[in-house]
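Student: As a plain string of letters, each chain reads:
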Amino acid sequence: MKVFMLGWEFPPYISGGLGTACHGLTKAMNDLGIEVTFVVPKPIESDLSNHVKMLSPLQCRPLGSVPGKKITTELPDLRNVTIKTIASPLEAYITPQYYEKKIEELLKQRPNVSEPSHDIEPAVEKWLRETEEQVEHLAHEHYGGDMYSEVHRYAASAVRLAIREDFDVIHAHDWMTYPAGVAVASVTGKPLVVHVHSTEFDRSGEHINQMIYDIERRGMHAATKIIAVSYLTRNIIITRYGILGEKVEVVYNGVEQNGDGRTLPFNKIGIQSNEKIVLFLGRITMQKGPEYFLMAARKVLEEMENVKFVMAGTGDMMHRIIEMAAQMGIGHKVLFTGFLRGNDVEKIYQMADLYVMPSVSEPFGIAPLEALNYDVPVLISKQSGVAEVLTHVLKVDFWDVNEMANKIIAVLKYPPLQLTLREHGNFEVRSLRWSGAAEKCQKVYQKILQKN
Amino acid sequence: MPSVCFYFQVHQPFRLRHYTVFDHSPRYFDEFKNASICRKVANKCYLPSNRLLLDVIRRLEGRFKISYSLTGVILEQFRKYCPEVMSTFDALTETGCVEFIGETYYHSLSFLYSPDEFIAQINKHTELIQQLYGQTPRVFRNTELIYSNALTKTIEKMGRFNAIITEGADHILGNRSSNFVYRPPNCEHIKLLLKNYSLSDDIAFRFSNRGWKEFPLTADKFAKWVTRLNGNGHCVNLFMDYETFGEHQWEDTGIFSFMSHLPQEILKHPDNSFMTPSEVIDSYDAVDVIDVPHIISWADTERDLSAWLGNPMQSGALHEVYKIEKLVKQTNNEELLADWRQLQTSDHFYYMCTKYFADGDVHKYFNPYESPYDSYINFMNVLDNVRGRLRSRRNRPQPRKILA
Chain P
1 MKVFMLGWEF PPYISGGLGT ACHGLTKAMN DLGIEVTFVV PKPIESDLSN HVKMLSPLQC
61 RPLGSVPGKK ITTELPDLRN VTIKTIASPL EAYITPQYYE KKIEELLKQR PNVSEPSHDI
121 EPAVEKWLRE TEEQVEHLAH EHYGGDMYSE VHRYAASAVR LAIREDFDVI HAHDWMTYPA
181 GVAVASVTGK PLVVHVHSTE FDRSGEHINQ MIYDIERRGM HAATKIIAVS YLTRNIIITR
241 YGILGEKVEV VYNGVEQNGD GRTLPFNKIG IQSNEKIVLF LGRITMQKGP EYFLMAARKV
301 LEEMENVKFV MAGTGDMMHR IIEMAAQMGI GHKVLFTGFL RGNDVEKIYQ MADLYVMPSV
361 SEPFGIAPLE ALNYDVPVLI SKQSGVAEVL THVLKVDFWD VNEMANKIIA VLKYPPLQLT
421 LREHGNFEVR SLRWSGAAEK CQKVYQKILQ KN
Chain B
453 MPSVCFYFQV HQPFRLRHYT VFDHSPRYFD EFKNASICRK VANKCYLPSN RLLLDVIRRL
513 EGRFKISYSL TGVILEQFRK YCPEVMSTFD ALTETGCVEF IGETYYHSLS FLYSPDEFIA
573 QINKHTELIQ QLYGQTPRVF RNTELIYSNA LTKTIEKMGR FNAIITEGAD HILGNRSSNF
633 VYRPPNCEHI KLLLKNYSLS DDIAFRFSNR GWKEFPLTAD KFAKWVTRLN GNGHCVNLFM
693 DYETFGEHQW EDTGIFSFMS HLPQEILKHP DNSFMTPSEV IDSYDAVDVI DVPHIISWAD
753 TERDLSAWLG NPMQSGALHE VYKIEKLVKQ TNNEELLADW RQLQTSDHFY YMCTKYFADG
813 DVHKYFNPYE SPYDSYINFM NVLDNVRGRL RSRRNRPQPR KILA
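Sequences listed follow chains P and B, in order.
1 is the number of the first residue of the first sequence in my numbering; add one for each residue after it.
453 is the number of the first residue of the second sequence in my numbering; add one for each residue after it.
No lab work stands behind these hints, which were simulated from the structure alone.
Do not take every clue at face value.
Straight-line C-alpha distance at most 30 Å; calculated DSSO-like pairs for lysine-lysine [unchecked claim]: (1) B/Lys485 with P/Lys382; (2) P/Lys413 with B/Lys485; (3) B/Lys807 with P/Lys382.
Which chain P residues stay away from chain B? Per the calculated CB distances, all over 12 Å, these [stated by the list, open to error]: (4) Gly33; (5) Arg164; (6) Asn209; (7) Val393; (8) Thr420; (9) Lys451.
Facing chain B, a subset of chain P residues (Cβ under 10 Å, in silico) [stated by the list, open to error]: (10) Gly242; (11) Gly245; (12) Glu249; (13) Met295; (14) Arg298; (15) Glu302; (16) Lys395; (17) Asn402; (18) Glu403; (19) Ala405; (20) Ile409; (21) Val411; (22) Tyr414; (23) Leu417; (24) His424.
The beta-carbon is built from N, C-alpha and C at its ideal position, and this holds for glycine as well.
Using the sequences plus the hints, can you model the full thing?
Tutor: Below, the structure is given as structure tokens:
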């Protein structure tokens with residue numbers, strides 16, 4: 001089985017859960033003997049880089065960075081996985097409308113998506129040649145560094161890669177890759193699976209970006225099968241995007257085991273300070289509910305003194321949250337670390353007495369699994385997909401800050417609670433592995449291919 | 453020869469209300485929930501069952517006998533929330549065919565933690581039964597049939613009990629049958645009545661199970677199983693939760709009609725009879741010694757304490773409760789004592805059980821909390837408030853006579 005996989009990020013260049021998920025899933029697929037060609041935009045050097053030297057879990061060098069060229073990287077751990085990157089976003093842009101028009105033309109030419117045809121190749125080549133010329137030509141005039149153009153640019157390049165590749169199924173992760181998925185499917189006639197890690201409603205609440213919604217909707221409708229990361233997400237797909245339930249399968253994410261299951265909290269015993277640490281780790285953005293974390297923190301601090309609240313991550317609400325903490329008069333009790341990677345993540349987990357994920361809307365949420373992996377007890381919002389799979393964690397409605405504070409205090413105050421949560425949680429999380437997710441994806445592929 | 457001995461356990465805990473660390477009121481119990489559950493179960497189970505059994509006793513002219521273990525906690529609830537149940541128990545008592553069993557008033561695990569408190573609760577329960585039904589219990593059962601040799605010593609010393617009821621667990625019986633009267637080692641005055649768990653569970657758990665090869669269970673089929681024991685046993689001890697009738701097994705499973713026909717079917721054979729536990733121990737001698745050095749119970753397949761003491765939260769919470777016993781008693785404050793004792797009810801610790809939690813089963817069904825962790829947090833917050841009351845009393849100058 002060969003899969004043409006379209007992703008937006010891949011470790012070590014990640015900004016969140018999507019890259020982690022793609023890495024875990026492809027690694028497990030590799031173990032199942034599934035051949036994966038993974039297409040990512042060229043690594044983005046952004047402000048997300050950390051001052052701390054990052055060690056890649058794969059011990060591989062950062063992906064190639066020669067502008068304008070497609071680079072194929074072989075990774076030792078992923079023998080069956082080929083990573084292909086596409087030119088950098090910080091180069092010339094042509095208007096998104098241009099790509100959109102081209103993709104639509106392609107679609108019109110090939111109304112029957114399921115039948116491959118080779119006449120298309122010259123047409124695609126012609127289009128791509130035109131694209132390249134346009135890029136050259138417009139390089140200086142249009143420097144529109146917006147996501148939307150990038151998405152369509154990615155789509156065009158993915159099609160070019162796809163026509164030279166041999167594969168059975170296309171697998172696209174999240175909206176940025178859906179146009180590419182649709183385009184590749186229309187060109188090659190291969191079935192398309194879209195994997196929904198998050199929807200526009202999770203990211204933006206009711207104030208959705210219509211363009212992104214349209215891309216998501218088009219991708220979902222064009223797909224042969226949709227994989228949702230939870231039933232929570234499946235419901236959104238069905239009710240908000242008008243998809244039939246039978247088309248949507250749920251495949252829960254997993255978590256990679258940290259080494260040989262060594263227990264980290266023993267290090268913590270050595271910590272001299274008697275201060276407890278409550279951890280928020282994630283993007284500081286509306287979706288993740290950082291303000292509810294602060295409100296709960298204030299309530300906790302009314303009852304206990306020796307607690308610090310650590311917020312690890314960056315995001316569009318970062319400044320507002322810092323200000324909010326100051327206004328609440330708890331600024332000295334809330335620490336901001338910025339975006340953390342690799343060893344720093346491990347360190348912060350080692351220090352934490354409790355991990356809190358107060359997400360307003362979380363399609364899945366891998367971070368709680370990582371926390372459990374590091375033997376940290378977990379408090380998650382009931383509005384998260386991961387709440388469907390975890391039983392040995394504390395759950396709370398994200399808006400119920402009183403109850404959130406009540407539970408945070410209980411964990412800090414009653415050692416038997418921390419002990420039991422840790423013991424059972426760590427045991428439970430061991431059953432949630434990427435291998436299970438990869439097997440389920442494989443079944444989805446097999447079902448589609450049988451039908452065709 | 454087999455005498456069928458029915459014993460029904462009747463109990464509902466006083467459930468705690470949602471109590472956060474920010475609550476400071478000394479009202480801990482969820483009046484609304486407790487009242488509504490008590491009334492619901494009364495209508496589904498206690499009232500119809502009592503009426504049915506009363507009817508059978510009258511119909512069979514006293515040849516049908518039963519026994520009850522009513523906890524002090526459920527009797528308080530009946531008096532408070534549905535007094536009509538009390539009158540049906542009065543009517544049952546008047547037939548002379550009903551025996552009341554002794555146990556701890558609060559359905560507690562005090563035997564494991566405090567001998568003084570354990571005896572105090574048994575006495576409190578006995579007083580209540582005497583007052584309500586004019587009987588002094590002669591047979592004792594410990595909460596959840598928790599038992600070991602050590603229990604016998606304590607009970608024997610109390611002087612008024614002649615028998616203890618416990619689980620007929622395979623590992624204490626070996627190849628012996630539960631259908632005889634036994635006695636504990638080194639004990640003259642106490643006999644043991646062991647639950648026939650196979651026949652008891654046929655009614656309590658398997659009755660409505662369509663996957664069971666004996667489904668559907670009819671009265672004459674069950675009577676045949678009992679009759680078959682002729683010559684192989686003296687008594688058949690059918691011990692179960694009273695909520696089996698109408699609550700665990702709903703009315704539409706036919707459980708009531710089964711129970712209304714079962715006594716007459718059993719009595720069809722002239723050698724069969726019904727006896728109360730006291731009658732059984734008066735009629736039959738102990739055939740052998742049963743040695744139980746380690747604690748057993750009637751819970752789950754393990755028949756051990758793991759449902760109440762299986763994780764650090766449970767043992768921690770229990771430990772904390774009994775740690776303040778002395779302080780609570782020193783206050784001589786009735787309200788504090790009552791609150792503290794209500795917290796001893798075993799159900800609070802059962803809710804904290806993490807065993808099988810992920811699978812969702814019988815533990816979940818009876819659990820008013822979303823998770824064992826929530827129940828622990830709630831319980832500890834309440835206990836914290838009790839401790840706070842103790843502290844504030846201690847810091848207050850107290851009149852001399854209370855201290856003495």
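Student: The structure should be examined with respect to each hint, and the outcome stated for every one.
Tutor: Each hint tested on the structure:
Annotation: proposed proximity of lysine 485 of chain B to lysine 382 of chain P holds, straight-line Cα distance about 24 Å (limit 30 Å). Taken as a hint, the lysine 413 of chain P and lysine 485 of chain B pair is honoured in the structure, with Cα atoms around 28 Å apart against an allowance of 30 Å. Of the supplied pair hints, the one linking lysine 807 of chain B and lysine 382 of chain P holds, its CA atoms being roughly 22 Å apart against a limit of 30 Å. Every Cβ of chain B is farther than 12 Å from the Cβ of glycine 33 of chain P; the closest lies at roughly 31 Å, confirming the non-interface assignment.
Residue-level check passed: arginine 164 of chain P sits 48 Å from the nearest beta carbon of chain B, beyond 12 Å. At roughly 35 Å from the closest C-beta of chain B, the C-beta of asparagine 209 of chain P stays outside 12 Å, upholding its exclusion from the interface. For valine 393 of chain P, the requirement that its beta carbon stay farther than 12 Å from each beta carbon of chain B is not met, with the minimum near 8 Å. At roughly 5 Å from the closest C-beta of chain B, the C-beta of threonine 420 of chain P falls inside 12 Å, breaking its exclusion from the interface.
Against the 12 Å criterion, lysine 451 of chain P stays outside the reach of chain B, whose nearest CB is about 34 Å from its own CB. At a threshold of 10 Å, the smallest CB-CB gap from glycine 242 of chain P to chain B is about 33 Å, leaving the interface hint violated. Given the 10 Å rule on beta carbons, the hint for glycine 245 of chain P is violated: about 24 Å separates it from the nearest Cβ of chain B. Taking 10 Å as the C-beta contact cut-off toward chain B, the hint placing glutamate 249 of chain P at the interface is violated, the least distance being around 23 Å.
For methionine 295 of chain P, the shortest C-beta to C-beta distance to chain B is roughly 13 Å, which exceeds 10 Å, and the interface hint is violated. This hint is violated: arginine 298 of chain P has a C-beta 12 Å from the nearest C-beta of chain B, more than the 10 Å allowed. Nearest Cβ of chain B to the Cβ of glutamate 302 of chain P: about 8 Å, under the 10 Å cut. The hint holds. The beta carbon of lysine 395 of chain P is positioned within 10 Å of a beta carbon in chain B (closest approach about 7 Å), and the interface hint is therefore held.
The restraint placing asparagine 402 of chain P at the interface with chain B holds, with a minimum CB-CB distance near 6 Å, inside the 10 Å limit. Interface hint at glutamate 403 of chain P: satisfied, since its Cβ lies 7 Å from the closest Cβ of chain B, which is below the 10 Å cut-off. At about 8 Å, the closest approach between the beta carbon of alanine 405 of chain P and any beta carbon in chain B falls short of 10 Å, and the interface hint on this residue holds. With a least beta-carbon distance of about 5 Å to chain B, the hint placing isoleucine 409 of chain P at the interface is held under the 10 Å criterion.
Proximity of valine 411 of chain P to chain B holds as hinted, the smallest CB-CB distance being about 8 Å (cut-off 10 Å). Because the beta carbon of tyrosine 414 of chain P sits about 5 Å from the nearest beta carbon in chain B, less than 10 Å, this interface hint is met. With a least beta-carbon distance of about 6 Å to chain B, the hint placing leucine 417 of chain P at the interface is held under the 10 Å criterion. Given hint, histidine 424 of chain P at the interface with chain B, holds; its Cβ is 6 Å from that chain's nearest Cβ, closer than 10 Å.
In the structure shown, a violation is registered for the earlier hints numbered 7, 8, 10, 11, 12, 13, 14, in ascending order.
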